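Engineer: Those sequence lines, one after another, are chains A and B. Quick note, the first sequence lines up with residues 14 to 441 if you use this note's numbering. Quick note, the second sequence lines up with residues 14 to 441 if you use this note's numbering.
If you're looking for bench data, these hints aren't it; they were derived computationally from the structure. Just so you know, not all the hints are guaranteed correct.
One copy or two, either will do: identical chains are not told apart, so a pair holds if it fits within one copy or between any two.
With a straight-line cut-off of 25 Å between C-alpha atoms, the simulated DMTMM-like cross-links for lysine to aspartate or glutamate are [stated by the list, open to error]:
1) LYS137 / ASP44
2) LYS137 / GLU280
3) LYS137 / ASP178
4) LYS137 / GLU158
5) LYS137 / ASP31
6) LYS137 / GLU163
7) LYS433 / ASP95
8) LYS433 / ASP391
9) LYS433 / GLU380
10) LYS137 / ASP179
11) LYS137 / ASP310
12) LYS433 / ASP418
13) LYS137 / ASP177
Remember, predicted model here, so these are calculated numbers, not experimental data.
There are 2 protein chains.
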Amino acid sequence: MTSAVNSLQDCLQLDEQDPLRSLRGLFDLPDGLIYLDGNSLGALPRAAPERLAQAITQEWGQGLIRSWNSAGWFELPRRVGDKIARLIGARAGEVLALDSTSINLYKVLSAALQIARHDAPGRKIVLSERSNFPTDLYIAQSLCEQHGMELRLVESGQLQQALDDDVAVLLLTHVNYRTGAMHDMAAVGALAHRCGALCVWDLAHSAGAVELDLHAAQADFAVGCGYKYLNGGPGAPAFLWVHPRHSERFWQPLSGWWGHAQPFAFEPGYRPAAGIGRYQCGTQPMLSLIALDVGVDTVLAAEPLGGMAALRRKSLALTRLFAHLLQQRLAGHGLSVVSPQDDDQRGSHISLTRAHGAYAIVQALIERGVVGDFRAGDGSAHPDILRFGVCPLYTRYVDIWHAVDRLQQVMSSGAWQDAKYGQQQSVT
Amino acid sequence: MTSAVNSLQDCLQLDEQDPLRSLRGLFDLPDGLIYLDGNSLGALPRAAPERLAQAITQEWGQGLIRSWNSAGWFELPRRVGDKIARLIGARAGEVLALDSTSINLYKVLSAALQIARHDAPGRKIVLSERSNFPTDLYIAQSLCEQHGMELRLVESGQLQQALDDDVAVLLLTHVNYRTGAMHDMAAVGALAHRCGALCVWDLAHSAGAVELDLHAAQADFAVGCGYKYLNGGPGAPAFLWVHPRHSERFWQPLSGWWGHAQPFAFEPGYRPAAGIGRYQCGTQPMLSLIALDVGVDTVLAAEPLGGMAALRRKSLALTRLFAHLLQQRLAGHGLSVVSPQDDDQRGSHISLTRAHGAYAIVQALIERGVVGDFRAGDGSAHPDILRFGVCPLYTRYVDIWHAVDRLQQVMSSGAWQDAKYGQQQSVT
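Construct all of the structure, not just a fragment, from the sequences and the given hints.
Structural biologist: What follows is the structure, encoded as structure tokens:
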């Protein structure tokens, strides 16, 4: 289908035939903006302002302290967690929405290391990819020092080879934040378990964007982000999942009162709550958590239309179209696609690179109403990246058309070479 | 002055003469409600709904990812931290507003333990009070296990005696959440330093309510709460302070990317940021942090009227009045004040106890429009508590009059004995 798309008219027709087209109406998007950065900050759900105004003026303003019970604030990390569970192949009672991804990774990785030390004390390695999102590596580095273990970083292609009898935990991000390359979670899970290692997944660029089945993939722990494809708003709380076979084996070290068996007994000694409850720590930022609740609902709104499978189909069609139009219209401009061509290996964003000028091109596009983002390379193995995320809830085929069209204008006019687009750092 | 107050009329007159009376107008309080639980969840600032609506619809909705720079989201933990610094005797650049109190305590206590292990390796004790807020003890318990140290808990009166050469860190909450008893921070700080111990303070029930001078008190680390007297909204981010002499000595273990020297260089290895920056971990919940910003502004609004000193004077006058009216009007009902009588030893709430019925009395009062709260005792040393917090920004003298008046009605009518007010757990 995609290869036959050669005009704006073709894209308009694809949007008309899109079974998910009604979902865009759930969002309040700026007029005329082509937003291809929902993988960094999801768009504003139309229901969010009113729901939040009610939470602010009624629940906080009028209900005050009573709202912890009457407005269900206490239960919100679990209630939102149960909703997220439906998107990632987990079950009710296994997921919490709270804290940040980094903090949640600290909790679950620390539990994984305790389990590994107990069950396989000879294993001293946490294995990950050098190209993993850095915060995951920093947290792993901290916990390895704490537990007398070692963080081993390899290139993506070397994982299988590096997965030996010394590996206690395999820590991976499912979809790479730079390239969009996606692991085969089930295959990796099977491999890790055959080798005797635990699998910890970061779903930051997966949850809400690709189909996930943590149980089928033999995953052990997972964390993920609330403000990307879950549309929870800036810095929305993150989530964590613990396989029920692990949840009560050890304490996680952030043993705050919300994770106590009886937080309101105010006992001086810690007794962890049953199940996933012990992965709570302190009081959660309710306004941001309520926004996340609304955001997750936008993804669940796809359920009657085919759910994650339908979202995934559209996401792939959009990134395929992007690559197709690039090939058709931008040959000779030095841009190459670094995201995998194979649908099974690609998440929901598409990344380009260029020998130089990546930052300036992204800036020139933003000025022309196409918001993607730039990720700096390391000057060697990993090049500078121009990143364009599609969110099948609200990205249209015509958005892809216009994005490539303006990229073509920026390149062929040389507009990106204007000094005002000078090199600098950018934002997640 | 207080001892001459014998009528509603007297209280009305005190309100008229109150130099801070205009500040109540900064809040949107439910009509007719007497809210004496601002020590648990501060009231809604009148400016919050509009500021948050702008953040939601404009910054998130229209600005989208660009708002991390254009709306100053990145800098908000520091900017709000700098404001809080003015309330606690810290300097700009020393305070961050982020995460939860429990998580911040984990960061600073872990840094304190690393410093102690380095500077005084023989010291193996973290000393605290058995009556400290439990989450502080749970976090200390976790870190003591991690560092091969021991948590020693004593009753409040035994602190001086227990502060010996084995103590690495003294961990105290400045104002006790149950009794309202307040430590003399400077005296304790001097004592601890003479003994060679580091001082870590929890300011949950102090910041925004009592005058604080962390530098003068020779404090080493501090954490505090955003949703109580700082009026930051339900579960607002907390704050932390590190004395500049400590801030770069060690890493704290929650080494997420926001605490990296160059978060957007995306390096695989962690390099902590300079100064307080390394106490950041992951992305912060912006909507809740913006609400906290507005809340802190309500406290800063007192600066032209005398600031924290004026707020403290009024807070003491209000709790003194409460105790005076209780004595005058509730003798013989078995209620006794457990908060210190001495102004220098009392925070901003007043706590009562009764041999039985404390929970039911609080419930009966709530039903009659007086919101205080109940804190369960442990059946031995620490009795059940009826807790009434005053917030000098919005609590009026007449509120105290009506609260005691309704308490008198509830007690003398025996209304609290109605079975519908049965015993159960309550909320922070």
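Engineer: All hints are to be evaluated individually against the structure, with a verdict given for each.
Structural biologist: Going through the hints against the structure:
no. : hint            : in the structure
1   : LYS137 / ASP44  : neither (53 Å within a copy, 62 Å between copies)
2   : LYS137 / GLU280 : between (36 Å within a copy, 23 Å between copies)
3   : LYS137 / ASP178 : within (9 Å within a copy, 37 Å between copies)
4   : LYS137 / GLU158 : both (11 Å within a copy, 21 Å between copies)
5   : LYS137 / ASP31  : neither (50 Å within a copy, 65 Å between copies)
6   : LYS137 / GLU163 : within (6 Å within a copy, 27 Å between copies)
7   : LYS433 / ASP95  : neither (47 Å within a copy, 33 Å between copies)
8   : LYS433 / ASP391 : within (23 Å within a copy, 66 Å between copies)
9   : LYS433 / GLU380 : within (11 Å within a copy, 64 Å between copies)
10  : LYS137 / ASP179 : within (6 Å within a copy, 34 Å between copies)
11  : LYS137 / ASP310 : neither (41 Å within a copy, 50 Å between copies)
12  : LYS433 / ASP418 : within (22 Å within a copy, 69 Å between copies)
13  : LYS137 / ASP177 : within (11 Å within a copy, 39 Å between copies)
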